[in-house]
Amino acid sequence: MGAAFATFCIWILMTVFWALIGVAVPLIIPEKIENRRLIQTMLLLTSVSCYTFWLCIFLMQLNPLIGPELEIRTAQAIVEEWQS
Amino acid sequence: MALFRCEEMALYQLFLQSEAAYNCVGEMGEIGLVQFRDMNPDVNAFQRKFVNEVRRCEEMERKLRFIEKEVKKEAHINIPNNVPDLKQVPAAREMNELDNQLEKLENELRELLSNQEQLQKNFLELTELKQVLLRTSIFFQEGGGHFGAPGGTDPEYQIAPSEDPGASKLGVVAGVIKRELLGAFERVLWRVCRGNVFLKHADIEEPLTDPTTGDSLLKCVFIVFFQGEQLGNRVKKICEGFRATLYPCPEQTAERREMLKGVEARIADLQVVLDQTLSHRTRVLESAAANLPLWFVKVRKIKSIYHTLNLFQVSQKYLQVQCWIPITDIPKIQAALDKGTSDAGSSVPSVLSQVPTKEQPPTFNRTNKFTEGFQTIIDAYGVSSYREMNPMPFTVITFPFLFAVMFGDCGHGLIMALFAGLLIWKEKDIIAAKSKNEIFMMFFGGRYLIFLMGVFSIYTGILYNDLFSKSMNIFGSQWAIPQDVAKTLAGYSDNTDTVELDPKDSFKDKAPYPFGLDPIWQVADNKLDFLNSFKMKLSVILGVMHMLFGVVLSLLNHTYFRKPLNVIAEFIPQVLFLGGLFGYLVFMIIYKWFAFDYTNSASAPQLLITFTDMFMLSAPDDELYSGQYTVQVIILLVGVACVPWMLFVKPTVLYMRHRNPAAGLTFKNLNNLAGDDGEGTEGLISNDELDRENGIGGDDHVISPDTHGAHSSNGNAPGAGGHGGGHGDDDEEFDFGQIMILQAIHTIEFCLGCISHTASYLRLWALSLAHAELSEVLWSMVMSIGLSYDSVFPGILILPPIFAAWAVLTLAILLLMEGLSAFLHALRLHWVEFQSKFYHGEGHLFTPFSFKHIVENPLED
Numbered sequence: 001m002g003a004a005f006a007t008f009c010i011w012i013l014m015t016v017f018w019a020l021i022g023v024a025v026p027l028i029i030p031e032k033i034e035n036r037r038l039i040q041t042m043l044l045l046t047s048v049s050c051y052t053f054w055l056c057i058f059l060m061q062l063n064p065l066i067g068p069e070l071e072i073r074t075a076q077a078i079v080e081e082w083q084s
Numbered sequence: 001m002a003l004f005r006c007e008e009m010a011l012y013q014l015f016l017q018s019e020a021a022y023n024c025v026g027e028m029g030e031i032g033l034v035q036f037r038d039m040n041p042d043v044n045a046f047q048r049k050f051v052n053e054v055r056r057c058e059e060m061e062r063k064l065r066f067i068e069k070e071v072k073k074e075a076h077i078n079i080p081n082n083v084p085d086l087k088q089v090p091a092a093r094e095m096n097e098l099d100n101q102l103e104k105l106e107n108e109l110r111e112l113l114s115n116q117e118q119l120q121k122n123f124l125e126l127t128e129l130k131q132v133l134l135r136t137s138i139f140f141q142e143g144g145g146h147f148g149a150p151g152g153t154d155p156e157y158q159i160a161p162s163e164d165p166g167a168s169k170l171g172v173v174a175g176v177i178k179r180e181l182l183g184a185f186e187r188v189l190w191r192v193c194r195g196n197v198f199l200k201h202a203d204i205e206e207p208l209t210d211p212t213t214g215d216s217l218l219k220c221v222f223i224v225f226f227q228g229e230q231l232g233n234r235v236k237k238i239c240e241g242f243r244a245t246l247y248p249c250p251e252q253t254a255e256r257r258e259m260l261k262g263v264e265a266r267i268a269d270l271q272v273v274l275d276q277t278l279s280h281r282t283r284v285l286e287s288a289a290a291n292l293p294l295w296f297v298k299v300r301k302i303k304s305i306y307h308t309l310n311l312f313q314v315s316q317k318y319l320q321v322q323c324w325i326p327i328t329d330i331p332k333i334q335a336a337l338d339k340g341t342s343d344a345g346s347s348v349p350s351v352l353s354q355v356p357t358k359e360q361p362p363t364f365n366r367t368n369k370f371t372e373g374f375q376t377i378i379d380a381y382g383v384s385s386y387r388e389m390n391p392m393p394f395t396v397i398t399f400p401f402l403f404a405v406m407f408g409d410c411g412h413g414l415i416m417a418l419f420a421g422l423l424i425w426k427e428k429d430i431i432a433a434k435s436k437n438e439i440f441m442m443f444f445g446g447r448y449l450i451f452l453m454g455v456f457s458i459y460t461g462i463l464y465n466d467l468f469s470k471s472m473n474i475f476g477s478q479w480a481i482p483q484d485v486a487k488t489l490a491g492y493s494d495n496t497d498t499v500e501l502d503p504k505d506s507f508k509d510k511a512p513y514p515f516g517l518d519p520i521w522q523v524a525d526n527k528l529d530f531l532n533s534f535k536m537k538l539s540v541i542l543g544v545m546h547m548l549f550g551v552v553l554s555l556l557n558h559t560y561f562r563k564p565l566n567v568i569a570e571f572i573p574q575v576l577f578l579g580g581l582f583g584y585l586v587f588m589i590i591y592k593w594f595a596f597d598y599t600n601s602a603s604a605p606q607l608l609i610t611f612t613d614m615f616m617l618s619a620p621d622d623e624l625y626s627g628q629y630t631v632q633v634i635i636l637l638v639g640v641a642c643v644p645w646m647l648f649v650k651p652t653v654l655y656m657r658h659r660n661p662a663a664g665l666t667f668k669n670l671n672n673l674a675g676d677d678g679e680g681t682e683g684l685i686s687n688d689e690l691d692r693e694n695g696i697g698g699d700d701h702v703i704s705p706d707t708h709g710a711h712s713s714n715g716n717a718p719g720a721g722g723h724g725g726g727h728g729d730d731d732e733e734f735d736f737g738q739i740m741i742l743q744a745i746h747t748i749e750f751c752l753g754c755i756s757h758t759a760s761y762l763r764l765w766a767l768s769l770a771h772a773e774l775s776e777v778l779w780s781m782v783m784s785i786g787l788s789y790d791s792v793f794p795g796i797l798i799l800p801p802i803f804a805a806w807a808v809l810t811l812a813i814l815l816l817m818e819g820l821s822a823f824l825h826a827l828r829l830h831w832v833e834f835q836s837k838f839y840h841g842e843g844h845l846f847t848p849f850s851f852k853h854i855v856e857n858p859l860e861d
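Just so you know, the protein sequences line up as chains L and F, in that order. Numbering follows this note's numbering, in which position 67 of the first sequence is assigned residue number 67; successive positions increment by one, without gaps. Numbering follows this note's numbering, in which position 697 of the second sequence is assigned residue number 697; successive positions increment by one, without gaps.
Read the hints as simulated data drawn from the structure, not as lab findings. Quick reminder that beta carbons are idealized off the backbone N, C-alpha and C, glycines included. Accuracy of the hints is not assured; some may be wrong.
Stated by the list, open to error - Listed below are several chain F residues computed to face chain L (Cβ distance under 8 Å; list not exhaustive): (1) Gly32; (2) Lys104; (3) Phe123; (4) Glu125; (5) Pro393; (6) Ile439; (7) Met442; (8) Phe444; (9) Tyr492; (10) Phe507; (11) Ile520; (12) Leu528; (13) Asp529; (14) Asp597.
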């Protein structure tokens with residue numbers, strides 16, 4: 001269950017982050033800034049596109065159907081470097 | 001508002017008093033917000049009212065160009081480059097002053113020039129004469145007593161004149177000829193005179209300057225001895241033919257010496273005069289050069305004002321013209337007109353009055369230095385029609401984003417962002433430098449675009465986990481080699497074998513890599529199997545989102561232009577078709593990511609096959625979810641039903657609206673019955689509004705203070721401008737055949753386009769694959785050679801040149817070539833796939849009368 005919780009935490013973190021950028025910040029930009037509408041549009045579009053991109057990569061790796069095929073030397077290196 | 005749609009424009013009539021006309025037009029040029037129309041389109045350019053003034057200005061420009069050419073000849077005089085624009089309209093009388101000044105200056109320069117030429121010609125002659133005198137003394141001495149010279153030193157060679165009375169004295173011709181002609185000269189002399197002449201020559205070492213052309217010539221002195229007058233004449237004619245200059249050369253040494261002294265004195269004098277002339281000329285040019293840019297600007301402004309005045313309709317007391325004006329700028333324009341009138345000292349104010357019209361106004365998109373680049377690339381495809389949604393604010397982000405999806409490398413993105421950041425940081429200096437290098441200026445013009453592209457590429461690069469083809473392991477890979485496999489690794493002797501990790505053992509109970517692609521995939525052999533499937537799905541998701549966004553923008557257009565028929569007959573079926581069929585595909589993609597993992601991977605259906613099976617109405621072998629077949633059939637039927645919906649509803653409704661006058665109960669007829677006069681009393685809705693709604697008269701819009709926006713101030717506004725003649729519109733043409741054909745084209749385009757455009761978005765996958773592979777190839781075949789040496793010694797010598805090669809190839813291939821390629825494809829995706837859903841792009845640009853361009857390039861022709 002630790003995995004599900006960790007997954008959920010990561011997801012909520014990113015969602016909140018991009019929601020802040022895309023929804024909250026545009027609302028608090030003061031009225032008198034010259035290009036206010038343009039900045040709001042830019043922030044909203046940035047957050048939507050960047051969030052979608054991240055979400056797709058995240059969801060794709062949620063339940064992988066195949067695993068990586070490693071060369072022996074690479075596997076040995078991984079065991080040494082990453083797993084001890 | 002002016003960001004999402006172009007500015008509201010209105011056609012105005014401008015009346016100017018004759019005295020104030022010049023100043024007012026000048027002020028219009030300064031603010032650059034008015035587009036004048038030609039009120040005399042069929043009048044010849046030579047018959048217009050102000051043609052003389054324009055001619056004078058052109059004369060002045062010619063004089064200025066002449067002066068500029070003279071100044072440029074003196075390389076050390078600098079023409080100042082940055083002349084700040086005073087933003088002042090040059091007064092009308094300034095033209096006369098400037099004209100006189102320029103005329104004086106030109107005459108002076110021409111006089112100086114001719115004097116200088118003359119002096120230089122004299123100088124040349126004297127120098128040549130001097131050379132002749134110097135060299136020929138040798139010849140005479142060698143010839144010695146043949147000439148009976150009393151100065152001859154060698155008495156042996158003296159021929160007593162009395163000895164040979166019949167022998168004619170040898171005639172002498174001396175002169176100077178170009179060195180290259182000497183050989184031919186000698187040969188011709190020999191042939192013509194049958195060898196009876198004697199030629200001697202000597203080179204002049206220093207090159208002489210030709211006075212007219214300024215070239216330096218190599219010449220030589222020659223002297224020809226001949227006997228007899230006939231030969232002499234022939235020799236002289238040959239000299240003429242070879243354009244040799246002849247000089248009288250005294251035979252006596254003493255005479256020669258006298259002459260030489262005289263010549264040298266004259267040369268010295270002439271040199272002094274020449275120097276003084278040159279320095280005077282330099283002074284004149286220097287003082288002119290300082291003022292040149294200013295004069296150019298003034299003359300151009302004056303000329304453009306008179307050009308514009310030629311567009312006016314001229315009558316006794318006043319001039320009038322029609323012009324397009326952005327509505328929000330009317331106070332500014334009025335103020336400028338008042339300033340112009342007061343500057344001219346006239347008391348009669350200029351009058352601006354609105355002209356109602358059905359023409360399509362020009363499209364004016366106000367941009368600042370940031371948005372200008374994006375607006376340019378959109379206008380390159382087609383200028384937006386009046387008041388339709390401008391895709392620019394959205395393109396600011398979606399274009400760099402789609403570029404980045406295709407480019408996707410942190411390191412390359414960082415380089416790109418830094419380069420553009422440098423251009424932005426130094427932008428003031430670069431603008432002031434006024435570089436003429438077109439390619440650099442193109443990159444400079446797109447600096448904000450390139451900067452955003454670089455920043456987004458850094459983001460997508462981090463997510464693709466690609467840094468110069470290497471992955472970063474920040475959070476720790478979520479794939480682990482299980483213990484039992486790890487133990488057996490040591491047993492493998494053949495190092496080319498591979499071990500495949502099963503998600504069951506290696507990924508169980510793990511959260512995915514939190515930000516981006518897991519770093520283990522970079523070192524995996526089957527990386528592409530995993531990535532290709534992912535990138536294709538990503539492309540489809542992004543594509544469908546982008547296209548749906550485009551369709552939604554078309555809804556905004558329909559509501560703005562008050563065409564509810566379009567909403568019902570076009571927007572809704574489009575959404576159902578696109579969203580239903582391709583939205584379902586997106587749904588399946590996402591659902592499959594959630595619903596299937598290693599436990600049931602054997603029964604995971606292939607989405608592409610599922611999708612095609614859906615269209616062929618065959619039952620799926622493996623189901624994604626229960627009830628899938630029914631759902632798919634429903635979606636397919638809805639989609640198929642949308643096609644005749646898109647095809648027939650709108651033309652039918654239009655036809656029925658058109659056909660019902662006999663029934664007499666349309667609003668239109670009620671309107672007509674109400675009033676008999678031509679103007680028609682306006683009901684709440686004028687007939688023009690109804691016509692617009694019905695689609696008659698196409699997309700023309702009545703141009704009055706915006707009747708469509710939600711913020712129209714008074715309810716009577718709709719009727720105000722719409723005097724088409726209430727009863728005239730009924731007779732307008734209603735070509736059912738054409739409407740039907742247009743609708744058919746639109747439907748086919750949309751439906752087939754849905755499929756082909758969705759597939760077209762797969763280029764996002766294709767290009768990012770190409771980029772990643774190129775990057776990897778470059779690393780593994782170039783850079784890793786430099787890193788593969790075990791010991792420091794050969795390695796440290798080999799690594800720098802290899803790095804240099806790798807860096808140059810990265811910049812040239814991956815940044816420039818791939819960058820341009822991804823730019824082009826992202827642009828195509830916007831122009832075709834996105835904009836075809838809502839954009840008409842049939843407008844024309846607003847081209848105001850403005851001095852800005854003239855001032856920015858004062859010395860350009």
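A quick look at each hint next to the structure:
no.: 1; hint: Gly32; in the structure: violated (20 Å)
no.: 2; hint: Lys104; in the structure: violated (49 Å)
no.: 3; hint: Phe123; in the structure: violated (67 Å)
no.: 4; hint: Glu125; in the structure: violated (72 Å)
no.: 5; hint: Pro393; in the structure: holds (5 Å)
no.: 6; hint: Ile439; in the structure: violated (28 Å)
no.: 7; hint: Met442; in the structure: violated (24 Å)
no.: 8; hint: Phe444; in the structure: violated (21 Å)
no.: 9; hint: Tyr492; in the structure: holds (5 Å)
no.: 10; hint: Phe507; in the structure: holds (6 Å)
no.: 11; hint: Ile520; in the structure: holds (5 Å)
no.: 12; hint: Leu528; in the structure: violated (11 Å)
no.: 13; hint: Asp529; in the structure: holds (7 Å)
no.: 14; hint: Asp597; in the structure: holds (3 Å)
In terms of the numbered hints stated before, the structure departs from hints 1, 2, 3, 4, 6, 7, 8 and 12, listed from lowest to highest.
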